[in-house]
Every structure is written in C-alpha cells, then in structure tokens.
Amino acid sequence: MSVSSPFIPFDLLAPKERPYFDRYGNGLVVVLPPQRPGPSGWGAGGPPHGGAWIHVGEDGKARAFSGKVEVGQGTRTALALMVAEELRLPLSDVELTMGDTDVCPWDMGTFGSRSMPDAAQHLRTTGTAARQILIELGAGRLGVPTDRVELVDGRARVRGDESPPAVGYGELVRGLRRVEMVPPDTRPDPAAKWTRAGHPALDSGARDVVTGRRRYTSDLHLPGMLYGKIVFPPTYGAKLLRVDLSAAQALEGVVAVHEGDLVAVAAPTLHGALAAVRAVRAEWEATPQPSESEIVEYLRRHPAEGEDFWDVVHHEAGDVDAAVAAAPTSLKETYTTAYIIHGPMETHAVLAAWEAGRLTVWMGTQTPFRARDAISDTLEIAPASVHIVVPPTGSGFGGKHAAELAVVAARLAKAAGHPVRIAFSREEEFTQAYFRPLAVIDVRSAVERDGSLSAWEFQVLNAGSAAARAPYRVPNQKIDNQPTESPLAQGSYRALAATANNFARESHLDEIAARVGADPVEYRLRHLADDRLADVLRAVAARACWTPRSAADRAHPDGHGRGIAVGLEKGGRVATYAEVAVGEGRHLEILSLITGYECGAIVHPSNLRSQVEGATVMALGGALFEAVHFEGGRVLNPRFSQYRVPRFRDIPPIEVMLLDRPDLPSQGGGETPLIAVAPAIANAVYDATGRRLRSLPLTPDGVVP
Amino acid sequence: MRSNAPRPRAHGRLNVNGIDLEVPLDPDRNLLYVLREELGLTGTKYGCGEGECGACKVLIDGVAVRACQTPIGEAMGRAVTTIEGLASGDRLHPVQQAFLDVGAFQCGFCTPGMIIATAALLTRTPHPSDAEVRAALDGNLCRCGGYLRILEAVQRAARSGAEKGGTSR
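Residue numbers (the working numbering), protein chains in the order written: chain A, 1 to 705; chain B, 1 to 169.
No lab work stands behind these hints, which were simulated from the structure alone.
Given the structure is predicted, the values throughout are model-derived calculations rather than measurements.
C-beta: ideal position from N, C-alpha, C; glycine also.
Since no wrong hints were added, every one of them can be taken at face value.
Listed below are several chain A residues computed to face chain B (Cβ distance under 7 Å; list not exhaustive):
no., residue
1, V210
2, G614
3, V617
4, R639
5, F648
Ranges of calculated distance between the beta carbons of each label pair, as one might list FRET restraints:
no., chain 1, residue 1, chain 2, residue 2, range
6, A, R174, B, H127, 52 to 62 Å
7, B, P71, A, A542, 54 to 64 Å
8, A, S376, B, E132, 52 to 62 Å
9, B, H127, A, P662, 38 to 48 Å
10, A, D377, B, H11, 44 to 54 Å
Far from chain B, some chain A residues (derived; all Cβ distances over 12 Å):
no., residue
11, G60
12, A139
13, R141
14, E292
15, D442
16, E511
17, R532
18, A542
19, D558
20, E631
21, L659
22, P662
23, R691
With the hints as constraints, model all of the structure from the sequences given.
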C-alpha cells in the first residue's frame, strides 16, 4: 500500500527501464507496447493504448498486466484464460493485475466492448511471445532443438516424452532478469486448438463473493479515515453564489473545502459528515431547465457543435429524396428513448490517501488512467504522484467514467491530513451520476414495386452513432447523427446508442414489412448484407418455430404476438425473439424471449452466457418501464421505490443461444446482446394488438398505451 | 455545538455470528452501519438505504431482515447472522456452495443479500416452487441481471438439502 521512494509508474518509463525485477523478482518479462486502435469503434484514430506485459517468475507462475479493469462482468477470468492458454499454464498459475496505474499499461478505459478484441488479443500475443522464449530456454536446458520441445502445464519437456526430465518454468527463468519486446510477427494459436480457453473455468475470486470477503471500494477502511460528503446544488446546473462554512467547521472533527462551485465536508463518522452538510449555508442560483414534457422539441432546437463522447456519423449513398418521390410506398416515423440510470448495485465510491506527497486513490472506475490524468491536471501535481487502484467493483454499465469524486476526496484528504472515503448514497447515485441519453430518431423509408427497400433515411438526435448504419442492402441511404445540448448530465451507457438506433431501425423495418405484407423474418433475410447476422437470425427463428406471417394473419390481431429483431454492433451479431400476450386492460405479459448471439471464438462460455442473460434482463428494464422523470433541473424519482428496475417477478423464460465461431476473432459480449430486445418486444406487441409503440419505455405503467 | 460535545456513548451487547460484541447504542445508527462501519463486517452491503434492494439482508433469529431498516436497538439481545457467519469453518453453507457451483453472480455485490434471503427461505420452505422463490427474492435487486442463474442456484441449494444448514448458532 505504501511506496517509500519516489516511484515512477511503469507506463511513464520506457519498457526496458521499468523495475520489473525489483518488484516481482527474477524472471522473464515480455512486453507488448501500446497498440494503435482499430479502424472503427471506440478510440478509432486515437492514440496508441493498451498493450500488455507478462512476467514469468522463479515460482513458475505468470503475472500478467492489462490496463483494462474488471467492473463485475467477468472479463478478468476470460483474459487470464488467454494467458493460461498461450503459456500452457493452469489458470491458477496466472495472476492478472488490471487497471493499477502504477504497474499496468496505459489504457483509455474499459468501455465499448474492447476488452475481448483488444486486451485479450494483446495478452494472447504477449503470451505467445513469452512461450517462444520459454521453448528456447527449454531447448537449451534439455539439449534438443526447439522443435523438439513442448510446454505442458508449466513445464518444458522433450516432445512426446512423458518421462522425466521435465523442467518447470521457474527453473527455466532462474536468475534471469531478461526483458524482451513481442516480435512483430507473433501469431497466437488459432482458437480451434484451444484447450483451456473456450472451456469451463472457475473465477478464482468466486469463493470470496459467496463468503462476503470480497472487498469493494466502499468496504475499504484505513486508520484515521474520514467520511466525505459533497454539498450538491439543489437543481442541475445551479451556480454557487455564496457559502458559509463556519457552522459546519465548528462541528467536532469536521473538515470543509470550497473550490469554485465545489463544497465538500469530511467527518470521523458518516453521521457527522451528514450533520456537517446540513450545517453548510449555501446559496445557489438556479439556471432555467426544460421539463420532461418539452424535451423532444428542446433537443431539436439545441444541436451541439463539435466533438462529444460519441463520434458524428454521416453516410450518404444514392439519392433518398428521388427514391422516395418515385416510390409507390414510403413511410416516415419518429422513435424516442428516455433518460435512464445505470444504477450499479455499488454506488460510486472512492478512498483517497496521501503519503509523502503521493496520492493513492482506490476507486471503482472504468477509466483509471484518465482518472489519474484528470486528478493530476486538477490538483496540479505530476501524474507520477498519483496512483489509482481499482478494487473489485459493484458494476458500472458505462456509468463509472468520471473522476470528480476522486478529486474531491483527494482535496478533503489533503485538507484533513487523513484518508477520506466518499460513497454516494443511492439518491446521489440517481441524481449526481449521469444518464443514458434520451434519443430522438427520425426514420424515412421507401420501397420498390416488388416491396424491396429502395430508400433509407436515418436522422439520429442525441443517441450517438453506434449501430446507426443499417446492416441491410438499400441503394439510397442517408444516415446522420447530431449531438445536442442535453439539459441533464448524460454519458456513456452499456450499448447506449446501439439500443436507441436499433430500436428505431428494427421497429421501422417491421413497419415497412407489414406495409408491404411481408413476413418480418423473410423481409430481413432478403435485405441483410451480413451473412453472420443472417445465420443468427435463422438460428433464432428456427428455435422459435417461426412460421411466416402473412398480411392476412396480421390483419386480425388476437392479443398474442410474436416479434423478432436483429442487431450488429461492436463486432457482435444478435437476434432476439419475443412472444407476448396483451390481455385484459391491455396488460403486457412477456411469455418468452430467445436471444441468439455470435461474437467470434468463445473464450469463456459460461461467462458469455451469463453476459447475454444479464444484458437481456437489463434491456427489459429500458424496453418496458425505466425512465428518469424530471422538471426544472430536478430528478423526480431518485429512488428504487420510485424508479422501477427489473426484479425477479419481471423475468420471463429467457433462452440464450451462443453461436461459436472459432475461425473468427473474439469480440465482446457485454453490450450488443441488449440491442434487439426492445424492438423484438415492440414488434411482438404490434403483432398482438396492431398498435405500434415508438417510444421507450414501451409500457411505463405496465399496460400497452 | 452542544450536541457534538464529547459525551459517553451508551453501549450494549450485540450477538453477531455467535459472538457477543460491545457496540455503541446511538439511537440514530442502524444495524447496517454498525455492522459495516463499527464492526468491519463489510460483507453486508449498502444498496439503497430504503429497504428496496435487499443488499443489506442479514438473519435475525433465522429470519431475513433488511439491516438498513433495523435500528440498532432492535437487534440487541437477538442472534444476528451475517454472510460472514453463514459457513461453518471452511465448510460453506449449502446456499453459498450452490451459488458458487452455479456461478450465480457477476459483480457479486448483491450476492450476500441474495444468499441470506435464500437461506431464510429454505429454512422456512425447504422445497420452494419457482413462484415461491421469485416471491421471496423479489425484494432483492441484481442490476447485472443475473436472476436466471440465481433461480438455478436456489433450486440447486434446495436439492442439496439446504434446510439442514438452516440458520446459524
């Protein structure tokens, strides 16, 4: 926990200058430097980041380091499996350190489903390079050429010879202090040859979860630690006019800080901190804020210029206007989504402690390196003077990117001369974190005389660009994404833009298919431009015993409906089937859901299944009933008793189908499985009732509006 | 201010996981705060503070209660069992074992509350129907959406005879 001499984080030193061996003992270190991001997706065109390094020590174990973090979705085990696979080590002999800014590679952050395509690939490649060196070392030791050496369970032996001598990795690296860079031509084994990855694996920390021993940030405690609280403005965007801290500071043991609009206190107990908050006399000036009823028009009137956390998309092919003018049938509709919360079970929490001028912050964050940089900028201290540690985190879902809380805790800890922990109350989590954006999407389409799509116009407002491009063949297309000045704090969210855009697209496609009397599955297959996605759709339709729906079937809705939707995003392909009943009082019941998912070679099957199940459940909330209500810059329902999230009673039978493609690179599974749920249900509701629902949540009061 | 002048705090005896502990009896402290912040038993989680999420569930005399809604005075003189006290030495409680075997968690933050609620349910109803499980656990939120695995774990625990594990002591 403490560092005695001035320490320079590894990422700020050249790979061969880092004190690996002083810290981890003698051995072999193999380094993959930060890598340039891929051509598309998050971080495209950005600076090199990520990479990995692996230390094989005299204890025969591998220590692997990645800048990604585990926020609770099981990537830790999946990534460790990649190292175990390439190094031919039991999983229990791989120790993976994630997101620790002192020793891990610099990384932009854990978002955009990049852990599998980037970090897993980086660890694989590094492991492969380390394996090659272990083979060379083994050849020297065994006195045979390298092609006669094989590595099995942490030992080198002569190929095919199960009798001794076999030499353990610890023996091979004894006395070494050797650092090698990964050669550029390093190629990991194909997934078809995997013996550990792709097979069942146990999360090494699982036992601590069921015994209550796992320590999250909010569970950490240091001697002399104080409890911090922030004095938040009463309404969103309010400005601090004046503040009087004297009454708060008169309380026993209370420390208060005031910097710009920030007012915060710390006290030896949580109750003391809350009393101090009440004792602060602050005057705020509210700024006018639109209310919920006018939000769509407000967003239309307030386009934002410049860069945002999402990239602007503009795609045009052919001539949409001409195609619409010439078409026998065209359709124009608007689709919307609501602001919703992330609501991680563990609210935002940080613990900050200073020691000899160096700051350590333990925090559940998706962006530890960016937090380090933000803290260093704000407090005007060197990046090397800040250390971020990411303990186990009670989930994030895209909601744990900000560093402000860490800055506040650091200021309080400095002022107090004691460590300070700040954890949001649930109400603070509702009101002071950011939301998934409320999206407005205008879609216009037209068809030829034979019913095939001729024009597709997709205007996205305030959702983001992910999944805005249609996976369908349409000759004339125009796709735009326009960020806006949102009146509430909004930000990243698990599959945020893709959920909104996919809802609009898959709903609209269903509408146009109905208009031309086509079966929804057949119509999609007829236009799909992606064979992998078509395979997933066929698999789900077959599993659901889908029978083509004729126009005549759909003309007489009987309260029982079936709907389907597909999605392609972040390299994953998803199809969801929904079966619903709309009965007395238009009450909606989901009878069953089937989600099919394909994301290349499956690394950790049980965890991927878990992710797809969880994503489907999370998507249900946003699809059916979740919405933040607000007026005048104030959230009106900042509690779980006022804001409904999925509970056991809401969970229909859910079937998950995983399509394994060992011939294709592994992609993420945490986000894309969400995106077809809402449109599949909306399409099923239409099938059941003839009513088309174009706003999420579909049934805020449990009934079809 | 007068209310903050140092004054002797009243103490009382709280039985937690079979051990009698002296704890301060401040009337504004709830059981959750005392367990987590005074006794360092952090397996019991804060999730909402209003009794809506179940992350803070503990057993009091074998019944699952929400520690965030329990004033410390109400727990005095009764047997409190937290997630840390459920196992017998190295041997996990059958419900813990079932959650581990099924892998019934993602981030794991709701897990202690889920296990406590399940342990209480199986004591009362050793072989619950699916509807009974859902009703008993409806007050427990899992934001990772791990409900299907949890349902599977509960049934596995029921099959393994969780009723024999029952409560602590």
